[in-house]
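K.L.:
Spelled out, the chains give:
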Amino acid sequence: MVKNKGKISVRQALTLFAILTITPTVRFAASSTALIAKQAAWLVPTVTAVFLFLMLYILNILLQGYKNKSFTEMIYDITSKFWGNLIIFLYLVWITILIAFYLRFYSERLVTSIYPNVKIDIFTISMLILIGFIIRNGIVVIARMGEISFILISIVILVLMIFMIPTIKINNLLPISYLDIMPTLKASFSGAALFYVIYLFFFAHEFTHQEEFFKYGKLTLLFIWLINTVIILASIGNLGHAIISRSPLSFLIAVKQVTLLGVVSGFESILVATWIISDFIMILVLTYSVLNIIKSLFKLSSYNSFINIFLVFLFFISWILANNVFELQTLSVDVVVSGNIIMQFILPIIIVVIALIRKKINIKTN
Amino acid sequence: MITLSKVGDEMKKIRTDIINLNKKVDLPMEVESFKGLFANSHDCVFTEVMINKELTVHLVFVDGLANCTNVMDFILKPLTTLEKFTNIKDEKKLIDVIKGGSLYYISVKETNDVNLAVELLLMGTAVLILKEAKIAFLFETRGFESRSIQVPTEETSLKGSKDAFVETLRTNTAMLRRKMRTPDLVIEELIVGKVSKTKVSVSYIDGIANDQLVKSLRERLKKIETDQVLFTTVIEEEIIDSQYTPFPQVEYTEKPDKFCSALLEGRIGIIIDGIPFTMIIPTSIVNFFQTTDDYSHNYIVVSIIRGIRYLLAAVALIVPAFYVAITSFHLEMIPEGLALSVISTEKGVPFPIFIECILLSIAFQTLIEAGARIWSSIGGMVSLVGALIVGEAAITANFISPGVVVVVAAAAIANYTIPNKDFAFAIWIWEIILILLSSVIGLYGMVIGIILLIHHWAQMEVMGEPYLAPFAATDGRNSKDAIIRSLFVFKKKESLDEQSKINE
Amino acid sequence: MLKYIMIIGAISIYEIYMMVKKRQMKDFNAFLIFVLIALLASYIHVHDPFDASLSELLLKLVKSEYFKGG
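Protein chains in written order, with this note's numbering: chain A, 1 to 366; chain W, 1 to 504; chain S, 1 to 70.
If you are wondering where the hints come from, they were derived from the structure by calculation, not from laboratory data. Backbone N, C-alpha and C fix where the C-beta goes; we use that ideal spot for every residue, glycine too. Treat the hints loosely; a few may be bogus.
What the hints assert, rightly or not - Covered by chain A, per the in silico footprint, the following chain W stretches (three or more residues, Cβ under 8 angstroms):
1. 341-354
2. 434-444
To be verified - In silico SDA-like cross-links for lysine to any residue, where the CA-CA straight-line distance does not exceed 25 angstroms:
3. LYS186(A) with PHE133(A)
4. LYS347(W) with LYS421(W)
5. LYS22(S) with GLN459(W)
6. LYS134(W) with ILE51(W)
7. LYS89(W) with THR47(W)
8. LYS84(W) with HIS58(W)
9. LYS3(S) with GLU212(A)
10. LYS5(A) with GLU336(W)
11. LYS5(A) with PRO248(W)
12. LYS60(S) with PHE345(A)
13. LYS299(A) with ARG23(S)
14. LYS81(A) with GLY339(A)
15. LYS5(A) with LYS421(W)
16. LYS222(W) with VAL202(W)
17. LYS5(A) with HIS456(W)
18. LYS92(W) with LEU55(W)
19. LYS223(W) with THR198(W)
20. LYS26(S) with PHE89(A)
21. LYS26(S) with HIS45(S)
22. LYS60(S) with GLU327(A)
23. LYS63(S) with PRO248(A)
24. LYS81(A) with LEU32(S)
25. LYS218(A) with LEU185(A)
26. LYS60(S) with THR330(A)
27. LYS3(S) with PHE133(A)
28. LYS299(A) with LYS3(S)
29. LYS421(W) with ILE378(W)
Unchecked claim - Derived, one-sided and incomplete: chain A residues facing chain W with beta-carbon distance under 8 angstroms:
30. TYR76
31. LEU110
32. ASP121
33. GLY266
Whenever a hint applies, use it, and build me the whole structure from the sequences.
P.N.:
Written as structure tokens, this is what we have:
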């Protein structure tokens, strides 16, 4: 029988984190890195992985210092009540914007890629209804769904990669010289914005086996690095950095080129299908995270009553957020990446530093 | 004294009381009580045994349940012929002699409780009633006709053992004992069913099975409020957690080797008296993709075959819906040649593609159902007439397009490769749901269906174990035997180590 | 706007009924805040009082090149 009913293991949480990175990676990793690092873009994930590894280490110190506590509880304990409320409120606003952003982007992408002339509301509303239905089952069910989705998505990307190998042109990926060092470092900035694990910390009190965070975290980073590299390699290798950097759905376009034995094609339908699943898991998990923040911030007895109203609110925000897909793309590059860096790196580092200064945690905890 | 003429409402009430396990009847231990209770039952034999001129006793047994030869040779004959009995003048002395072992029999029980006597009488026990002393001796004389051990009919095995469970509980438990000669094999028994009073056995290996799980199952079985246990679902529906699902949550087997192997994995087996199929719990999705033959063949071959089974299950589930989605909404996604071919085959067919798919899918299930119900002598005709003649005629008459036939037939054949038929049927139901969803909004609808299916599985638990284990469980144990069949020597180590860890 | 008010109203009635049923009335105030925010968001969505999307405001804030045009 399952011990710790109602909780998920750190391994499951990190699996969710891995899925959370897939949607943005497939969407913009190739184009954003190709824009700056050009043919050396496929090296960017390696540089990014170094930053992510350091951040993982820092977060591990925090998690080990506060076992079975959520990120909100940690913030309240480390900072004062006023600052705690402010920081948590910032996270609330930011993650809500992020969900609305992904919700809108997912609907726009469906309309752009396979459903032209279909009303965008259909996709937004159906997704929100689905989330409202599933989120009530709690994190255990979400985590299990995440694990199965992770397997499905990994298999699909792996198979697509195998099919793409014959069309990869080495000329598109080389030459690499010392001149590429700076662009690669610069491009790694956008990749670092994928460190969504901090948003999962808002339900860290529901994690078990927290001592294994660093161990499984490293494996997750390896997966993220692999997926990023593979996607960028396949995209740029197939079409070249010049085309990819100008394409809004770069990997999709690269997959469209795939043919098996020159006869079977249309693999983008499979990619779109898995993309919807990863989008769904991402919006679901972030919504769960926000509901946990709301619960802590307003000292609620349960967040169940807030699910529907929050989802309705999300629907409006997703519409208010942007007028069209071009605005969304610019927002992604100019605001979301920087915002994520602040919320995922700078703010947590400040919190950890304060905790160390105030001796709330200690580096040797783990 | 109750006489036969008085049998009426009073006896009906007593009978109703006696079938209720919790309510005991208060009748004196005398033959009239039994005659009253079994007044209209002609299979109940009442024999007056005259030991000598001064001493008479009554013997009651149910013809067919008790072994008449044993009754005659070991009870009637000694009582009426042995000198030590014929010389007895009173019942008190007779009791002493029987207690002293003169009426030698393996299992003799003394009682003055009519309830107990009736209960055992219906299990084949002979009841010797001593009227004045108001007690009875119960002789274990059961010996009814039963089917001998035969080759399994539903689970064929190439290299495994060829014995199968039968309807008799004791024969089945004996088969288990023969395969696992360890005192750690525990076979508990309890009676379920107010009227049928069926023996239900719970088997597990002490030290390997999770104690909490055993306790939980025992409690669930005890709580069952039913009149009969003539079918497995009576037990199954009471012990499972998720009621609203077409997916099976209990694994059935008629093979003792599979049953024992499950016990060694720490699972619990249930054997019901009168049913040759045994139940194994807890189960997860992987169990429905495994067969006993998996452990009789080369592990590399088996691992590949298992992988193919999962792939084919996915084909059975998704391909028709995918076909509907692509042909109805996203023709631009398939190569031009294929798209033109699909359009040309659809020409003249009056139904939309999803209706064709659903109709044909139901037609396939009709064939299966007809094949299962029809007399075996003409069974072959069903597939011949159904699949070949009607199918061919339907295409020629432009009722159904050949493309749909190919897709639905491929899905149906893929579905047959799922070893567990209950699971295969549930997959078929979801196949129809996915077709309906993709007929509404294409690929997106299909993906929504897949998400709903994953959610459905994710929320299911069997006795507290996740249905998706080991693919999705908190600790992911036993995952090495999920798709890749590991070498036996490793599997054994894992199983025992892991189970002992769980018990910690 | 009316259809949105009706949807938000229906959800609010249902949730308040559930709160009463589950004796979670201490959450009522916070819930009311969210209802008001949702109503405000629906108003902005329908009437667009700022004559700009949230993206535009944010992009202006970070002085994005989006508005420079080509």
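K.L.:
Provide an ascending list of the numbers of those earlier hints which the structure does not satisfy.
P.N.:
Numbers 1, 3, 4, 9, 10, 15, 21, 28, 30, 32, in rising order.
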